[in-house]
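Work out the full structure: start from the sequences and follow the hints.
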Amino acid sequence: MVIIVVGADAIKKPIAVHKSFITFYSPFFKAAFDGPFEEGTRQTIQLEDVEAEPFEIFVQWLYSQNIANCK
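1 is the number of the first residue of the sequence shown in our numbering; add one for each residue after it.
Please keep in mind that the hints were generated in silico from the structure rather than gathered at the bench. Just to be clear, a hint being listed does not mean it is correct.
[Said to hold, decoys possible] Restraint ranges, calculated between C-beta atoms of paired labels, are given here:
| no. | residue 1 | residue 2 | range |
| --- | --- | --- | --- |
| 1 | Ile-57 | Lys-12 | 23 to 29 Å |
| 2 | Ala-68 | Gln-43 | 17 to 23 Å |
| 3 | Ala-52 | Ser-20 | 19 to 25 Å |
| 4 | Asp-9 | Lys-30 | 26 to 32 Å |
| 5 | Ile-57 | Pro-36 | 29 to 35 Å |
| 6 | Pro-14 | Trp-61 | 18 to 24 Å |
[Said to hold, decoys possible] Listed next, the in silico EDC-like pairs over lysine to aspartate or glutamate satisfying Cα-Cα at most 16 Å (straight line):
| no. | residue 1 | residue 2 |
| --- | --- | --- |
| 7 | Lys-13 | Glu-48 |
| 8 | Lys-19 | Asp-34 |
| 9 | Lys-12 | Glu-48 |
| 10 | Lys-13 | Asp-49 |
Idealized CB from N, CA, C, for every residue including glycine.
Spelled out as structure tokens, the structure:
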């Protein structure tokens, strides 16, 4: 599992995702978590400019390849 912390300041939300899913579908996350970056060591990344709800929809898609029943 890796942790993606979305949001900034008081609205930060950590979201746990299986590393194999997120790195398979996203070259960005593959480079971050499998590369020589700090995120690869900590297995955590912070995305201050990403809101929780859209990212949660992306995570749902990672697992189901479907977004039809999203909030």
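Hint check results:
1. Range check, Ile-57 to Lys-12: about 18 Å between beta-carbon atoms, so the 23 to 29 Å window is missed.
2. The hinted window of 17 to 23 Å between Ala-68 and Gln-43 is violated, with their beta carbons roughly 30 Å apart.
3. Against the hinted window of 19 to 25 Å, the Cβ-Cβ separation of Ala-52 and Ser-20 comes to about 22 Å, which satisfies the hint.
4. Asp-9 and Lys-30 have their C-beta atoms about 28 Å apart, which keeps the hinted 26 to 32 Å range intact.
5. As the Cβ distance of Ile-57 to Pro-36 is approximately 30 Å, the hint placing it in 29 to 35 Å holds.
6. The beta-carbon spacing between Pro-14 and Trp-61, approximately 19 Å, falls within the hinted interval of 18 to 24 Å.
7. A hinted pair counts as satisfied when its Cα atoms are at most 16 Å apart, and Lys-13 with Glu-48 qualifies at roughly 10 Å.
8. For a cut-off of 16 Å, the pair hint linking Lys-19 to Asp-34 stands: about 10 Å separates their Cα positions.
9. At most 16 Å may separate the alpha-carbon atoms for a hinted pair to count; Lys-12 and Glu-48 meet this at roughly 8 Å.
10. Between the alpha carbons of Lys-13 and Asp-49 the distance comes to roughly 12 Å, so the proposed pair stays at or under 16 Å and holds.
Consistency with the previously given hints fails for numbers 1 and 2, ordered from lowest to highest.
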